[in-house]
Structures are given as C-alpha cells and as structure tokens.
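A.B. asks: Here the protein sequences come in this chain order: A and B. 9 is the number of the first residue of the first sequence in our numbering; add one for each residue after it. 259 is the number of the first residue of the second sequence in our numbering; add one for each residue after it.
Hints listed in this document are in silico derivations from the structure and should not be mistaken for laboratory results. Heads up, a few of these hints could be off.
Stated by the list, open to error - Derived SDA-like pairs (lysine to any residue); straight-line CA-CA distance at most 20 Å:
1) B/K305 <-> A/Y350
2) B/K428 <-> A/E467
3) B/K305 <-> A/G510
4) B/K305 <-> A/E429
5) B/K428 <-> A/F469
6) A/K351 <-> B/S306
7) A/K293 <-> B/K425
8) B/K428 <-> B/V478
9) B/K366 <-> B/L289
10) A/K351 <-> B/V296
11) A/K351 <-> B/E313
12) A/K351 <-> B/A464
13) A/K351 <-> B/K425
14) B/K305 <-> A/F399
15) B/K530 <-> A/Q247
16) B/K530 <-> A/E467
17) A/K293 <-> B/K530
18) A/K425 <-> A/I495
19) A/K351 <-> B/E309
20) B/K366 <-> B/R388
21) B/K425 <-> B/A464
22) B/K428 <-> B/T498
23) B/K301 <-> A/I495
24) A/K293 <-> B/L320
25) B/K305 <-> A/D250
26) B/K530 <-> B/T498
27) A/K293 <-> B/K428
28) A/K351 <-> B/Y456
29) A/K351 <-> B/I538
30) A/K351 <-> B/G384
31) B/K366 <-> B/V296
32) A/K293 <-> B/E313
33) B/K301 <-> B/L289
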Amino acid sequence: MNTPTPSSGQRVHYLNASYGVRSWLLTIDHKRIAILYLIGVTVFFAIGGIAAALIRLELLTPAGDVFQAETYNKIFTTHGVMMVFFFMIPGIPAVLGNFLVPLMIGARDLAFPRINLLSWYLYIIGGLIALWAVVHGGLDTGWTFYTPYSTVYSNGWVVVTAVGIFIAGFSSILTGLNFLVTIHTMRAPGMTWTRMPLFCWGMYAAAIIQILGTPVVAITILLVGAERLFHLGIFDPAQGGDPVLFQHLFWFYSHPAVYIMILPAMAVISELVTAFSRKPIFGYKFIAGSSIAIAVLSFLVWGHHMFVSGQSVYAGLVFSVLSFLVAIPSAIKVFNWTATLYKGSVSYQTPLLYALGFIGLFTFGGLTGLFLACLGLDIHVHDTYFIVAHFHYIMVGGTIMAYLGGLHYWWPKISGKIYPEYWSRVSAWVIFIGFNLTFFPQFIVGYLGMPRRYHAYPEEFQVLNVMSTAGASILGIGYLIPLVYFIWSMRYGQDAADNPWGATGLEWQTSSPPPTENFEDTPVVTGRPYDYLTGRGEEAAVG
Amino acid sequence: MHFFPEEASTFARHVDSLYLFLIAVTAFFSLMIGVLVVVFAIKYRRKSADEVATEVHESGVLEIVWTVIPFGIVMIMFFWGARVFFQITRPPQNAIDVYVTAKQWMWKLQHADGHREMNELHVPIGQPVRLTMASEDVIHSFYVPAFRFKRDVVPGRFSVAWFEATKPGKYHLFCAEYCGTRHSNMIGWVYVMTPADYQAWLAGGAPGETLAASGAKRFVENACNTCHGDQPGARGPSLTGLFGRRVQLSNGQTIVADEGYIRESIVNPQAKLVAGYPAIMPTFQGLISEEGLLQLVAYIKSLSAPPPAGAAAVPAAAPSQTPPAPERKVSRP
C-alpha cells in the first residue's frame, strides 16, 4: 500500500489514505467496503434494470413478438434473481449500513472487519456465478424456484444459480452477524439503547432476520440442487416428495426477506424525516419497538403465499390473521413520521423529497398488502399483476426511494462532495411519477385477471400495459440521472462541510469524508438522539 | 376502461364487495397521510436558516389510538375475508363433477358422462360444479377471473374446488402458476350456458363411454378386480359403497374415503392400510396416468352411487393401453 499523500496540505481521510487497487480490494475499512458494495449493487441493479426494460418492451404488445417465450422467461427470472438477491437484500444494509453503523454508534469499525471484507467477496463471487448462469443460457424458473418445475422440468442453469445464491446468502448472514455484534458491544460511552439512532435499530432488526432466515433458504436451495442432481425425492411428487413443502421452506425465508429490504429502508426514513424537520422524532420508542415487532412477526406469515395451494383452511386462517397484524407496526411508523413533520422546520431538500415519496409509496403499497392477506380476496388476485404491483410498491418503491434518499443525505459524508441540488430534485420527482405510472396500472390489470409471468396476453389488457411501459421508460430515466450526477460530483462537486444539514448524530460530528479511524477522539454521548430543539445532546458531548 | 372483470359466479359479487371495502380503506388512509404530509410540509416549511422547530410532546394516547384503530379495521377485513374464503373452499353436495387434468401446456377436462374437452369447459348456470384436478407434471393453477376463482393444481395429489356460474357467456381460463416455456399459452375458455343450452350441448356430440365406464375398464386392465372384486375371501377390501364412508385403518385411525384417499391408496397403498387386510398391494405410482387415476376414482365413486341406468358394471377386459409415462427431462445441471 502506498503511503498517505498529504503533500498538497490536504486533510487525510479514508478515501485518500492510500491509493491503488490493492488498497481497495484488501481494505478492512468498513467505509471502503461500503464503497465496494456500492459499486457491486449498482452493477447488479443495472443488469436487473435492463432485464426489466426488456420485459416492459415485450409487454408493450399482446402478442409475444419481441422475444421467444423461453427467452422472455429467462429475462424475468434474471430480473427477479438480480434485483432480489443481489440488489435489494444487500442494498441498504451493505452500503449505507456498512458505512454508517460504526459512525453512528461512535465505533472505530465493525466488530469483525476481515469478515466484513469476506462478506463482500462472497457477495461478488455469488453474483458472478449467478451472472455466469445468465450469460451461458440462463434460468427460466422465476426467482422463486418452484418445484417440481425447478428440480425436474426446467432446462435452465438451476444448480449454478442456486450455488450463486447460496454463496451470496453467507454474505448476508455474516453482515447481519457483524452488525449485531457491533451494535451490542461497540457503542460509544453513553450511547444507551434508547439513545441509539433509529437507523441502527432498523439494521439490528434486519440483522436478526438475516441471521435466522438466510440459513433456511440456503438449505432449501441446496435441497433443490441436490434433488436436481441426485433425484432425492424431497419435492418431486413422482418420487414421493411434496412440492408444497418447498413453498413452505422457501417462503419461511423469502417472506422475512422482504423485511430485510424494508426495515433498513424504514430506518433511513426515520433519519431523514427528523433531520429535515429539525425536530426530535415523534414516538422514538414506538418506532424502535415496531422494527423489532416486524422482525418477529415476519417469521410467522409465510403461509399467506399458499392460500390457493391447497394448504389447510385453518392454516390459511392463522396465516391471514398474522399477516394482518404485520400491518400494524408498519402503520405505527407511518403515523409517527407524519407526526414528526408537525410543527417542524421542514426543508424540502432532496433527501426529504425522497423520504416523502417513500411515505407515499410505502403507505399505498402496504395498504394493498391487506388485499393479499385477506383470504377471500387473495384467491382472485393471487399470482396476477395485482401482486406484482403490490410488491413493487413496497420493495422497489419503498426500498429504492429510501436507498436513494439515504444516498443523497449521506453523500456529503461518503464522498466529501455536494451533489447538484437542482438535478437531484428533478430525479426525485421523475422517479416518483415514473414509478406510479409504471405500477399503478398493474393493480387494475391484475384485478381484471392478467396473470403474472405471461409472455403474451389477451388484447383487452393492452392499454394498461402500454401505460405501464411508458411509466417504466420515465422511471428508467429517473434512475439514470442520479447515476450521472453522483459520478460527476465526485470530480466536480463542491467540497462538503462536515455537517451540511445541521443534523444531529455522531456521523455528522466527524469530518467529511471521515478519517480511516472515524473519530479523532472517542465520542461520549450524554443526551437523547435527535435533540434538535436544545442543540445539545450528542453534539455537545462529542470530544 | 373496465375496472372489474365480469361477475359471472356466485363468488364474484362477494369478492367485489370485499374489494370495494378495502379500496375505500386504502383510499381513505392514503389520502389522509398524503394530505397531512403535504399540509405539514407546506405549513411548517423552514422560513429562516436558523429556525428552531416547536417542541411537540410525545403522546401515549395518540400511539394507542393509531394502534387500536388499524387493528379494528384489519380485524373486520380478516373476518369478512375468512367468510368469503369458507364459501369458496366448501363444495356443496349437489355439484356436478368435472375432472381436470393439467399438463404442460394444456387443460384436459372430462365430464362424468364422458364428454371430453381440451382447453374449453362448458358448464350450466345455477348448478355448482365440482372440479377434481390433477397435474401430470408441474404445478398449474386453474383461474377464471370472471368467477374470482383460482386453485393450484399440485402434482401428486388431487385438488378439489368448486364454483357456480351465474351468467351465460364466454370467459377466460388462465393458468396462473408459472409452469414453464409456454405458460402463457396454457389458456382456454369457459362457456357458461343456460340449462337448456347446456342440455343441448350435452346431447350433441357422442361422448363415447362415461368416465366411470372408462374407469371400470382400467380397473380390469390393471387387474384391480383380482383382489378388490367383491368375491368371497378376496385379498383386498371391497370397494362397493366405499366412497364417502368412514374407513377403519390398521393403525386405529378412521378416515373418510374421499378422492384424495383413493388416489393415495392406488399410488402409495402402504400409507393407509385398511384394518384386517395384509400390506400386499403393490404401488401403481407411475403406472397409471393422472387421467387414468381420475377415471378410476370416478368408477369407484360410481360403486357408491345408486346405480344410474346403464352405468358401469365391470366389463370384459379391454385391450390394454399403457399410457405414456410423463415426459421428464433433465438435460442440464
């Protein structure tokens, strides 16, 4: 590694502390690893996004005329696998969480810096293996791998993709473990649990799911591979297996997995809403507690994916009522965020625009989830575009709005630069409008009965599909704008102040970008979080 | 533009009412949050750079209120949804039977009188229709949006479901569970007819033999009658009057002999042994097609019904026709 170069009188920080590819690929600095993840998730998001564009292109017309059916099936599988396993699940925790958790609790690094780097390598190796499968002929099972299609009938690269996901799963488990141990053992003096930023509460809740849930999907995906290679008869009914057993195992993880995506997103929103209202968050304990409630309840609702699969009527009733209950902690969060704005000093800077966009999309997406928890109604809308619309509102609308909002908010800290304010506002609006145009029509076409994963569809659904494709074009442009100006700002942006937003939180007490060791002196916390009214608390305590 | 599919079954109206209620709740809360957010953001916008917000004390009462109200609302949704669900999952006694075989990528439908259809189903209004469905390969899902009705067809078991059409017309039949390359071509039409038209349809076209008669042939082809033939001292239990009866098992349990039990007893005879009989029956797993299993079940069912005119007595052995084994392909890891 090269020695630091403070020759020009420049301050030494984590970005210029050393140079060269080796200094990045062998780094154990959580901030640099966050940057590595940022590059990784951006690449996988781009691949998943291209697949989405191709899907919308095919669905512009009722006939399956752009791609052959098999190609189309591979495209939507690529979209799902890339977005779910390699963008959404690592997205906020691995990028923003990695960068911020140690800074927010006043620690020097994560508890296990080398394991943190290992996590990134596992993620990249898993992703490259899955990508290899896409390039060498693809996979046509959908990201859900339903048996016995995946284990017996599919011609795609099931085992290779499964190995990729299996490996990436360990990245997620290790990241969760790292966060959990770090939050438990490395909080700065005075940083009690109730003084901890809500961002860390959200990461903590998501980490619980990552550690407890991911092993189950890892085992399940291993069983799929084993059955395909060795004909074990676990899921294949021709050999006495049970295909619905797969669904139980798969959703036992994959339902909680959506909370791995949304809990960190909610965590970001809690930070943004307070910072841009300059006001303590309303109902701190309720927001923190609701994160844990969601993490626990999320493990008890998987059966709502099987209301029409023939599971017992009584199991259906239990899963329905539990699924409704998950709505309540989510509602509590939305109400508390809204109440935080009340009598605040609200500044419409880009991160807040994203946060308000999140509240809108998440509220609507969450409420439409009730339709699917509702037994009698789910029978009709199950496996239609209604579900596609719902989970895109929650997972994509929710997670990406929060991810981008967070990226804008902490960009000055991460890069030491200011992004262009005008273009960032434009991007927030374009994404919000494009998103609604894309997915709102899908609710209607879903209720009309259009099944998901259809390569060709009856003509009466075309108008709504054209609207959706038009929206997707706008959305695509919306995502490109930040990509361009973030990269631009790294070179041409103005230098950022240490605390450009006047926000509380230990991460704003250190310089922008922070030094490799995060803080020159260990901070001491003496007050409650988000103490915007007195201007004391963490701020006064640092040093 | 339409926002609802046709309402063509007894479920449709109930599902749509539930849907409208949920839309009302969604609209109310989305608008409420949307309006509050916009109003607060405008009213409390930052007026000067060093402005300090007004302290608002947290309120336990408010937290309880906005926990309890959503809880009450979702409980209404739950009970209402469960009521509609119960209706959809309980087939009535007087239903006519249609047997469905799903395979990549077509629907094969057999009526009790022997009429067979491919990707088309004719049903009368005002008459419950009970579907007994089997898949020859992967999971499919029988979905008729106009009926607000969907049921997965899972291989290795029978899926039983029902509907009652109310409005004559031609409605989409979709496969709703992704089933491979030509999933979106696994579609068809349901023709709902007035009873008179339906009778005319039944009368036209020679159905050949009834499903139970086809089943009776298979019963002999597979030599089932050598053990289950009602002869004195037979090695297997008699099947006459079996369907719908309670059966005493060797492990002390009793169960009702339904379609699922009969299917399991053919493909996996050791799973549930009838008390008093030895475990000697071989498995027919993979030897009888799903269609054949449905015919056998229809035959065994007919042994319990009061004998309709010209129904199935065991005919002389018919030329054996081994159904082709379902194609299974694994060409890549």
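A.B. asks: Is the hinted pair A/K351 and B/E309 satisfied, with a Cα-Cα distance of at most 20 Å?
C.D. replies: With Cα atoms ~12 Å apart, A/K351 and B/E309 stay inside 20 Å; holds.
A.B. asks: Please work out if A/K351 and B/G384 have their alpha carbons no farther apart than 20 Å.
C.D. replies: violated (60 Å)
A.B. asks: For a C-alpha distance cap of 20 Å, please report whether B/K428 and A/F469 respect it.
C.D. replies: Cα-Cα ~17 Å, so holds.
A.B. asks: Between A/K351 and B/I538, is the straight-line Cα distance small enough, at 20 Å or below?
C.D. replies: The given pair, whose Cα atoms are some 80 Å apart, is violated under the 20 Å limit.
A.B. asks: With a cut-off of 20 Å on the C-alpha distance, tell me whether B/K305 and A/G510 pass.
C.D. replies: Within the cut-off at roughly 15 Å; holds.
A.B. asks: Check the hint pairing A/K293 with B/K428 against an upper bound of 20 Å on the C-alpha distance.
C.D. replies: With Cα atoms ~56 Å apart, A/K293 and B/K428 exceed 20 Å; violated.
A.B. asks: Between A/K293 and B/E313, is the straight-line Cα distance small enough, at 20 Å or below?
C.D. replies: holds (17 Å)
A.B. asks: Straight-line Cα separation of A/K293 and B/L320 no greater than 20 Å?
C.D. replies: Judged against 20 Å, a Cα distance of about 13 Å means the pair holds.
A.B. asks: Below or equal to 20 Å on CA atoms is what counts here, so check A/K351 against B/V296.
C.D. replies: Holds, because 13 Å separates the two Cα atoms, which is no more than 20 Å.
A.B. asks: Hey, A/K351 versus B/K425, does the alpha-carbon distance stay inside 20 Å?
C.D. replies: violated (56 Å)
A.B. asks: Given the hinted pair B/K366 and B/L289, is their Cα-Cα distance within 20 Å?
C.D. replies: Violated, because 47 Å separates the two Cα atoms, which is more than 20 Å.
A.B. asks: Between A/K351 and B/E313, is the straight-line Cα distance small enough, at 20 Å or below?
C.D. replies: Between A/K351 and B/E313 the Cα gap is close to 8 Å, so the pair holds against 20 Å.
Of the numbered hints given earlier, the model fails hints 7, 8, 9, 12, 13, 14, 16, 17, 21, 22, 23, 25, 27, 28, 29, 30 and 31; all others are met.
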